Amino acid sequence: MNTHHDTATPTLSVMDPRALAIRSVAYYRHPDQTYIESRITRQIFDAAGRQVASWDPRLWGAAPNPNLATRYTLSGQSVLTDSVDAGWRLSLLSEAGSMCSGWDARGNQSHHQYDALQRPIALIEQAHGGPSQVVERRVYGDATDECALHNQCGQLIRHDDPAGNRHFNGFGLGGAVLVESRRFLIELAPPDWPPEPADREEYLEEKVYVTRQTFIPTGELQRHTDAVGNIKTVHYGVAGKPRATWLLLAGGGKTPKCLVSEICYNAQDQVESEAAGNGVIARAEYSSEDGRLLRLVAAAGVQTPLQDLNYSYDPVGNIVGLEDKAVAVSYFNNQRVEPVSRYRYDSLYQLIEAKGWEVSNPSHGPALPDLLPTPLDPNQRRNYTQTFDYDAAGNLITRHHSGTPGFSMFTSAGNNRSLGQRDDGSLPEESDIVNGFDTCGNQLELLRGQTMVWDVRNQLDQVTLVSRENSTDDCECFRYDRHGHRLRKVSIKQASGRTLRSEVRYLDGLELRYSAGDGEYQVINVELGRTSVQILHWPDGAHADQVRYSYGDLVGSSTLELDAQAGILTLEHYYPFGGTACWAGKSGEVATYKTNRYSGKERDATGLYYYGFRYCAPWLQRWMSPDPAFDGLNLFAMVGNNPICIVDSDGLEGSNAQNRWRRAYAGVVASKDGVWVRTVGPGIIAVDVTGGNELFNRMGMDMGRSVKGDRSLAYLSLDPSMRGKVAGTELGIRLNTVSGENIKLQAGLQNAAVVAYVNGGFFNLKNQASKYVSPFASIGPSKIGGQKQIYAPVPSDYRRHFVTVRMRDGSRIEAGPLLSQGGEAAFPESMLGQTRFLFDPKNNHPGKLGHAGSPNIRSGITLPGGSETGQRTRLAWGNSTGRNETATGYTMPEWSRVMARLEGMSGAGGWSVNLDGGYSAGIGVVGAQGDVLYRRPQEGAPVRSIGNFFAYYQKPQRQGFFKKWFS
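Count along the sequence shown starting at 1, add 29, and that's the number in this note's numbering.
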């Protein structure tokens, strides 16, 4: 630890005798100030090592209640959470661990019904003081010939949800949805679904929107036909990566249009260049040392670039400068206005100062500034400086903006609920906070007089923009599907005595929009590589089709829109937290059709940005409701107050903005149902699965425990011809971050064409199992490179749960427990009743399985039976958001069911075993030149050095004398 505050900022963790972090001490300092402030986060754990209370640095010692308190059942499952920001939530779980009923602080309640197979079949919700309603019903495919014909047996085939009805009409062999249909409700109000499917028809529109998909044999999306018949086709290169996208609009006499082509990647799967259908070449440059994005350029041929963004960083990776060299320096009002933005941070990496340029008449509230014509008049630009002050919990105190009055916010003394200053500049009081939020922390007014209504699931239901006593209000209403994705937006406003209604319906890859002025038109959305394309099509021919190519910055904000001839449609420049600093367009009509702006998100008429699970108010720099995933202790804070370097894709959790450029094409080939399959090397198929329990249950993995967020599973399916070996080193290896060349070197496979790997068994972490051998020695006997290795013994209570894993080269290690055999799970829930599998912080040593009952990051390997040489081997890794009861990881019985399903894919006779988990776990593929073709977890996740791992490779073909000399 470096204790010199002028060179680095140390962070301390205080551990109790059980090695649990009961205090975290961060040191805050402002670069313009000399004092240092310690900020302490406090945690309390119960006797079982479960976190039961947490305080942030602001509330510790000042508030009677912790930021978050959790209570558990006797079986260790979370039953009650009490948050000062989000209120309390109480859950009643079944014997199988499934959610039966739930209540929240607003008095809302929900009740789940299951069939005999523990599959959810109905959801009943009741708002406080209202009637109970069946808001969801589900139907599953049975064992009929008709269902078998479409691979529907056991699959969810009908889902009536709060927005309407969804049918899954056909599935592929891998479980991907091939044909899906959606119908919307006649009325906006959610129905009380009757039990009989025929009786539900009266609530639904007759119009059916059908979406179809086809996939190539390796699982990548090849063809997507949207609900109105537009056909998107993706072409792939020899490496299996997307190379081009074509679009054929619905209707006769149309020809396919190439939207994006010639996508080129570097060795780290980062998009380096691509050609748009309008002739614009987009290029990206990255640092050779760490892969950071350095430059983004968009230019039509050899012409002057239309965009040329250049990034500079401090040593820890914070962006300190951004220059657009495509924009000229201008002079106005005795100012030199450069196209440069500069940023400064405090020691906690919160943004404290931003310098850049803006229009001369900016807007700092929910409204956009006045639209300016393009090309932009230099006399309309001026410099600005923003500074930010935060409290110890990260809530905004004041924002100073040069040339305009400052803005302040008042935060409650007992929680992180906060309101902006009044119109006269005075601050709200505690009573205003009490009246300004409901008991679940949802904000009740956007601006003065603009009420916000929240549904039973704490999703924004309606915003009243203008309230009238004797006439219809101006408002926006929103409807969502089962997963919280917005499917419908309806806007109503009064104009000249008329009620004008506009509506948007969101389908897969398609938006159906209707407005009183433009009638009905369609927006086809296509994303590939760096380019985002929107095609506007009017079915009645009222306007010509409009193609809009959007180019963005590091965080995905749409800064430049071009037409089909590479002419500029719109320009937009943003303040750090999403406000618009400059807004210019070819014309007012053209600019009206821009909907996606800051961070690539849609901006509503309210001025709010819709992120997927929450809405953000950029002028307040915070969310309108608490984080449902409990990411941190301040549930309203936006991206840790570092919007320059961190993005939030769905309103649940922030992540490094660099990640979207490291794997820029990943989202394109992922099928919408959460399963992504692709070939990453000869004989190696990579599969990524991301989704809720419903998706995993469709795959036969039987996940019943309720989790907050999506589960994540990745595995590599290896051809039977690939051979495996155990590799390792007494010095340890950081398998999840080390270079591909180093992995091949440690495995002794420098000349192999391609190598797949997974971490190995338990090792003597921190000498906790034995102080007499290396901290990277294996737990149990091992043999590597033909030599028996020094090892630490398997704990006596667990010996019968360990098995020997032998490779064909004679190498071996011990691992445990056995997870499956012959396609059947070998670690059932009942085993958690044994004392040896209950967590004991005093006896938590490597090789012991005390975390079997806790969600965790897991890894495993499936192996063929002795005589089954034709079976594929699978290397698996499952991620987790933590170890609490609602974390998205896997308990050992859950992991046993996952591995049983993977092992069973190869037929009878195989088996699978658990490998070391937590931050030791990881899988990947290394190419011939040492380039990492695939890696999980992705860069940025916590890692630790490990002692051993498995490496699989293709054994070279033997050549006879003639072939050796003359081939």
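One or more of the hints may lead you astray.
Here are the computed lysine-lysine pairs in the DSS-like style, where the Cα-Cα straight-line distance is at most 27 Å [stated by the list, open to error]:
1. K236 - K283
2. K812 - K800
3. K615 - K236
4. K800 - K737
5. K522 - K384
6. K270 - K286
7. K518 - K283
8. K817 - K795
9. K754 - K737
10. K615 - K354
11. K354 - K623
12. K800 - K817
13. K236 - K270
14. K812 - K737
15. K283 - K737
16. K286 - K615
17. K754 - K795
18. K518 - K623
Label-pair restraints from in silico Cβ distances [as the list claims (entries may be wrong)]:
19. S684 - S67: 25 to 33 Å
20. G729 - T102: 24 to 32 Å
21. A92 - M44: 21 to 29 Å
22. L473 - D221: 43 to 51 Å
23. D547 - H157: 49 to 57 Å
24. A145 - Y801: 25 to 33 Å
25. I426 - T102: 37 to 45 Å
26. T333 - A593: 18 to 26 Å
27. L323 - L476: 39 to 47 Å
28. A593 - A125: 24 to 32 Å
29. A396 - N363: 54 to 62 Å
Since the hints were made in silico from the structure, they are not lab data. As the structure is a computational prediction, the values presented were derived from the model and not from experiment. We treat Cβ as the ideally placed atom computed from N, Cα and C, and that holds for glycine.
Taking the hints in turn, this is what the structure says about them:
Taking the CA atoms of K236 and K283, the gap is about 25 Å. The hint holds against a cut of 27 Å. Simply put, K812 and K800 have alpha-carbon atoms about 21 Å apart, close enough for the 27 Å limit, and the pair holds. Taking the CA atoms of K615 and K236, the gap is near 37 Å; set against the 27 Å cutoff, the hint is violated. A distance of roughly 39 Å separates the Cα atoms of K800 and K737; the hinted pair therefore is violated under the 27 Å criterion.
Restraint check: the Cα-Cα separation between K522 and K384 comes to about 38 Å, which exceeds 27 Å; the hinted pair is violated. Pair hint K270 plus K286 holds up; C-alpha atoms about 20 Å apart against a cutoff of 27 Å. For the hint pairing K518 with K283, the CA-to-CA distance comes to about 31 Å; that exceeds 27 Å, so the pair is violated. Restraint check for K817 and K795: the C-alpha separation of about 22 Å stays at or below 27 Å, so the hint holds.
Between K754 and K737 the CA atoms are separated by roughly 38 Å; this puts the pair beyond 27 Å, and the hint is violated. Between K615 and K354 the CA atoms are separated by roughly 21 Å; this keeps the pair inside 27 Å, and the hint holds. A distance of roughly 24 Å separates the Cα atoms of K354 and K623; the hinted pair therefore holds under the 27 Å criterion. Proximity of K800 to K817 is assessed by CA-CA distance (about 19 Å); at most 27 Å being required, the pair is judged to hold.
The hinted pair formed by K236 and K270 fails the criterion: a straight-line CA distance of about 37 Å is larger than 27 Å. For the hint pairing K812 with K737, the CA-to-CA distance comes to about 41 Å; that exceeds 27 Å, so the pair is violated. Distance hint between K283 and K737 is unfulfilled; the C-alpha atoms sit about 45 Å from each other, more than 27 Å. For the hint linking K286 to K615, the alpha-carbon distance of about 24 Å falls within 27 Å, and the restraint holds.
At most 27 Å may separate the alpha-carbon atoms for a hinted pair to count; K754 and K795 meet this at roughly 25 Å. Distance restraint check for K518 and K623: the Cα-Cα separation of roughly 16 Å lies within the 27 Å cut-off, and the hinted pair is therefore satisfied. Checked against the hint of 25 to 33 Å, the pair S684 and S67 passes, with Cβ atoms roughly 28 Å apart. Between G729 and T102, the C-beta spacing of about 27 Å keeps the proposed range 24 to 32 Å intact.
The given range of 21 to 29 Å is respected by A92 and M44, whose C-beta atoms sit roughly 25 Å from each other. Take L473 and D221: their Cβ atoms lie about 27 Å apart, and the range 43 to 51 Å is violated. Taking 49 to 57 Å as the suggested C-beta distance range, the pair D547 and H157 does not conform, at roughly 40 Å. Checked against the hint of 25 to 33 Å, the C-beta distance between A145 and Y801 comes to roughly 54 Å, which is inconsistent with it.
At about 40 Å, the beta-carbon gap between I426 and T102 stays in the expected band of 37 to 45 Å. A beta carbon spacing of about 20 Å between T333 and A593 agrees with the range 18 to 26 Å that was offered as a hint. Between L323 and L476, the C-beta spacing of about 41 Å keeps the proposed range 39 to 47 Å intact. Between A593 and A125 the beta carbon distance is about 56 Å. The supplied range of 24 to 32 Å is therefore violated.
With their beta carbons about 29 Å apart, A396 and N363 fall outside the hinted range of 54 to 62 Å.
Against the hints set out earlier in the document, violations occur for numbers 3, 4, 5, 7, 9, 13, 14, 15, 22, 23, 24, 28 and 29.
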